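Here the protein sequences line up with chains L and R, keeping their order. Note that the working numbering numbers the first sequence so that position 374 is 374, with each residue one more than the last. Note that the working numbering numbers the second sequence so that position 405 is 1405, with each residue one more than the last.
Derived by calculation from the structure, the hints in this document are not laboratory data. Honestly, I wouldn't trust all of these hints.
To spell it out: a stretch of chain R is covered by chain L in this simulated footprint if at least three of its residues, at any positions, have a beta carbon under 8 Å from a beta carbon of chain L; those stretches are [unchecked claim]:
(1) 1056-1063
(2) 1365-1373
(3) 1380-1392
Calculated cross-link-like contacts (lysine-lysine; reagent style DSSO-like; alpha-carbon spacing at most 27 Å) [to be verified]:
(4) K1332/R with K348/L
(5) K348/L with K1053/R
(6) K1053/R with K64/L
(7) K200/L with K169/L
(8) K354/L with K1357/R
(9) K348/L with K1340/R
(10) K75/L with K279/L
(11) K1345/R with K279/L
(12) K1357/R with K348/L
(13) K1053/R with K75/L
(14) K1053/R with K178/L
(15) K1381/R with K1426/R
(16) K64/L with K75/L
(17) K437/L with K1381/R
None of these values were measured; they are calculated from a predicted model. Each residue gets a CB set at the ideal place from its N, CA and C atoms; glycine is no exception.
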Amino acid sequence: MADIVKENLTDREYKYGFETVIETDCFPMGLSEDVVNKIADKRNDPQFVRDFRLKAYRYWLTLKEPTWADVRHPKIDFQGIRYYSAPKSKPDGASGPASLADIDPELIETFNKLGIPLGEQKRLTGVAIDVVFDSVSVGTSHQEELAAAGVIFCSLTEAIHKHPEIVEKYLGTVVPYKDNYYAALNSAVFTDGSFVYIPKGVRCPLDLSTYFRINAKETGQFERTLIVAEAGSYVSYLEGCTAPMRDENQLHAAVVELITHDSAEIKYSTVQNWYAGDKEGRGGIYNFVTKRGLCQGANSKISWTQVESGSSITWKYPSVILKGDNSSGEFYSVALTNNRMQADTGTKMVHIGKNTSSRIISKGISCDQSRNTYRGQVKIFPSAENARNFSQCDSMLVGDQCTANTHPYIEVKNKSAIVEHEATTSKISGDQIFYMKSRGVDEEGAVSLLLHGFCKDVFKTLPLEFSIEAVKLLEMKLEGSVG
Amino acid sequence: MTTFSTIQSIQDAWDLRKGALRESGRQTVERRERAVNSALVHGLPNTRDEEWKYTSLRPLIDRQFDLIEGLRHAMAPVDGDVVAVVNARLAPGAIPIVFVNGRLDLSWAGSEDLDSDFFRTLDEAESEEDSTFWDEWQSVQGMDHIFAGINAGLAHEGVVLRLNPSQILRKPIHIIHLATKELSNAARINRVVISVPVGASLKVYEEFISMDDGTFKPKVGEWTNSLTQLKVGPDAYCGYFRILSSVDSFHTGSVTAVLDRGSRLETFSLAAGSRFARINIDVKFTAPGAECILDGLYLVQGDEHVDHHTTVDHTVGNCKTFQLYKGILADKGRAVFNGKIYLRKDAQGSEAYQSNKNLMLSSEAEVDTKPQLEIDANDVKATHGAAIGSINPAELFYLRSRCIGEAEATAMLCLGFAEDCVMKVKDVPARNLLKLRVHEWFADFVATHELLKKENK
Chain L
1 MADIVKENLT DREYKYGFET VIETDCFPMG LSEDVVNKIA DKRNDPQFVR DFRLKAYRYW
61 LTLKEPTWAD VRHPKIDFQG IRYYSAPKSK PDGASGPASL ADIDPELIET FNKLGIPLGE
121 QKRLTGVAID VVFDSVSVGT SHQEELAAAG VIFCSLTEAI HKHPEIVEKY LGTVVPYKDN
181 YYAALNSAVF TDGSFVYIPK GVRCPLDLST YFRINAKETG QFERTLIVAE AGSYVSYLEG
241 CTAPMRDENQ LHAAVVELIT HDSAEIKYST VQNWYAGDKE GRGGIYNFVT KRGLCQGANS
301 KISWTQVESG SSITWKYPSV ILKGDNSSGE FYSVALTNNR MQADTGTKMV HIGKNTSSRI
361 ISKGISCDQS RNTYRGQVKI FPSAENARNF SQCDSMLVGD QCTANTHPYI EVKNKSAIVE
421 HEATTSKISG DQIFYMKSRG VDEEGAVSLL LHGFCKDVFK TLPLEFSIEA VKLLEMKLEG
481 SVG
Chain R
1001 MTTFSTIQSI QDAWDLRKGA LRESGRQTVE RRERAVNSAL VHGLPNTRDE EWKYTSLRPL
1061 IDRQFDLIEG LRHAMAPVDG DVVAVVNARL APGAIPIVFV NGRLDLSWAG SEDLDSDFFR
1121 TLDEAESEED STFWDEWQSV QGMDHIFAGI NAGLAHEGVV LRLNPSQILR KPIHIIHLAT
1181 KELSNAARIN RVVISVPVGA SLKVYEEFIS MDDGTFKPKV GEWTNSLTQL KVGPDAYCGY
1241 FRILSSVDSF HTGSVTAVLD RGSRLETFSL AAGSRFARIN IDVKFTAPGA ECILDGLYLV
1301 QGDEHVDHHT TVDHTVGNCK TFQLYKGILA DKGRAVFNGK IYLRKDAQGS EAYQSNKNLM
1361 LSSEAEVDTK PQLEIDANDV KATHGAAIGS INPAELFYLR SRCIGEAEAT AMLCLGFAED
1421 CVMKVKDVPA RNLLKLRVHE WFADFVATHE LLKKENK
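The shape of chain L in the complex, shown without the other chains (with noise of 0.2 Å):
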């Protein structure tokens, strides 16, 4: 049983390992102030922004590489890194494409192949997409429809130079240059990323989603995603990413931050496939994210839910900061991991403001010799009276070579405070399949509804194209051919 199991989670190739030929525009390999300086050069950053980024690489280079998350991989050469690339699809290459003509057709041939609508004929799937390739923003759809509602969607590079107040007031407020290693290399290098701005009242029209596709060699991808959502208003935000196959380990190190005024809402919606690595663990994406919300007004709400079955080391907590009295903060995760996969991830929920409430669900599924590793932090400050916290934390584990961990960090500090954990550990057992089986449904349907009940409290609750989009993803690790 478990060979059939196994079989149904491995022998499925990674569809998304294509590499477009493109003519790109890189800087040499290595990192230093020099760099960091042609970055803003390149694109030509105001001050504030010039400023930040030096601030960051001086501070990133006191630090030392975190060593604490459960994963291992050989020290990461900061130096063999390209810092910048990008798609050559102007002369000058500056600044990004005036409009969705000036994309390179290559370019656009990629993005039809991993069935990413960018054309404005594609206007019915009723998603605003910004498509972000290697380190720039290529190309963002659906400008009018969101432009009537008030609504900013761009590149944030397009932000920087189109509305600098906004950025320059929440740029790093989440997520501070000094917070973390990767945050500050990220903070000294980002390229480009997404920038929503919602105004008061304003419920966006449409799913807004992003695009990330690393495609050059040796290249790492810095991206930085801003969303501000005003009092009053709501966005469901989506992201997808994929990477060509490569026989060495390419770096991700994005920040995402995110704020809620009164009564916001954000939905944050992640389906990750980094290309993993082979059967033997070789090549794949490190992804060393760090994406925070900050709940800063009354009655807000940040939400998280993500889907994780690339990359060859996934090292991520998406948090929220409950500050605003009454919000409320949710993550729900499933990370799939195979082959010699590692994921460390889970969320952090921090409670400062009173009656404030989070919710934690996640379910981790380890095959073959992967690791999987649930890490979550759920804080009380003496501030947060009525605080409410729920986790649950399940895992399965296919195959005996396969490592499951749960680390919950749970720190309370106020009594009126209820919090709860709870994990289990399972796996597909034969009664289970037998029992399918005697009800007529073969083997390999009987394990695929099991996983899919098993990550069901996960997937109600991603958007109806996401949810598709992650059971097929699951599908396609899943269901290999059955003997």
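Position chain R relative to chain L; hints supplied.
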């Protein structure tokens, strides 16, 4: 400098201690030296270390305890008060082993039942140069922990209980560590080694008490560093019940246990009074079919700090762990719980259940809990849970509507919460002893908290 402050001071203490050990033989010195070195190799821990994230050694260092001072003085004769305190504590029918300020007192009434057949002092056992016996203890998991290492190296005195195969000791052994206010700056370092071989059965109560009941001003607070090592042989049973009730004291305790095929270990750690306590319990299964019950209760009030770190290592299959730790936190008390359970690759068929529940009575209290499961085997049943909450207002209202004062009602609800875990202890005399200590703590708790209320009026 032999005051506990730096790695160097521990090294210095060891260099001095070494001299006194020459009589016990070369092997003893070498063995103890290895223990000190292996514990000191990582340096003195600080809050940046994952294992010490929530507990700073600062209060202990600030008190400037001397590591060998306790050995410099001849043992003072015990006075009548001390005898009365200890006798009042002794469990009925138990064989007493009493340490007064770290020195073993074998003149206690009842101690004559300690048969040389199974009992020796640490000095005697070490001079016997039974190197295989000692080497087994050396490599045990948990011995690289700083306080276990300090103990293994510097232990002033100790006892070795080594039962014969199939020997069933009907009477429980009650080990009492008493700290009086004499020599208050001297660390008391004692080691207890217990070997229960094949088919044997032994019950041990180990209790830490102090004469300094808080009425002496200024409060000084003694430091006891204990190391208790248990080895449970095939099909043997060991009951180990630990009580810490020494108000205002500093306590660092290490317990290591190794379980052989089909053995059973039942442990309970009650912490009901200590200014600063760090208790490490490490259990390792070395053969299939063994079972371990690892329960505990911490009652924290005032500005006490109690930290439990437990580790259970399932290296083999078909073993079971049941763990329930509960805690009550009042005033500015702080409790830390970290429970690690490892289910290694070969631990197929194992079961591990862990639960930690905390009741917070004050918003100035703090609890930091981290239950932790690390699973490398797929055919296992493992769960863990943690919950933190306060008294249910509906329950409180129910009792108050029956004319029960708030403090007493709270105490009743707390007592119910706490007794739930004490009642799980299967051994009746042990359960009664633990219950008694819990009740004593509550009587005091109700009294002081009622009093506070009246003062406020």
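How the hints compare with the structure:
{"no.": "1", "hint": "1056-1063", "verdict": "violated (count 0)"}
{"no.": "2", "hint": "1365-1373", "verdict": "holds (count 9)"}
{"no.": "3", "hint": "1380-1392", "verdict": "holds (count 11)"}
{"no.": "4", "hint": "K1332/R with K348/L", "verdict": "holds (25 Å)"}
{"no.": "5", "hint": "K348/L with K1053/R", "verdict": "holds (17 Å)"}
{"no.": "6", "hint": "K1053/R with K64/L", "verdict": "holds (19 Å)"}
{"no.": "7", "hint": "K200/L with K169/L", "verdict": "holds (16 Å)"}
{"no.": "8", "hint": "K354/L with K1357/R", "verdict": "holds (23 Å)"}
{"no.": "9", "hint": "K348/L with K1340/R", "verdict": "holds (20 Å)"}
{"no.": "10", "hint": "K75/L with K279/L", "verdict": "holds (21 Å)"}
{"no.": "11", "hint": "K1345/R with K279/L", "verdict": "holds (20 Å)"}
{"no.": "12", "hint": "K1357/R with K348/L", "verdict": "holds (21 Å)"}
{"no.": "13", "hint": "K1053/R with K75/L", "verdict": "holds (26 Å)"}
{"no.": "14", "hint": "K1053/R with K178/L", "verdict": "holds (21 Å)"}
{"no.": "15", "hint": "K1381/R with K1426/R", "verdict": "holds (23 Å)"}
{"no.": "16", "hint": "K64/L with K75/L", "verdict": "holds (12 Å)"}
{"no.": "17", "hint": "K437/L with K1381/R", "verdict": "holds (24 Å)"}
Checked against the numbered hints listed earlier, the structure breaks hint 1 alone; every other hint is satisfied.
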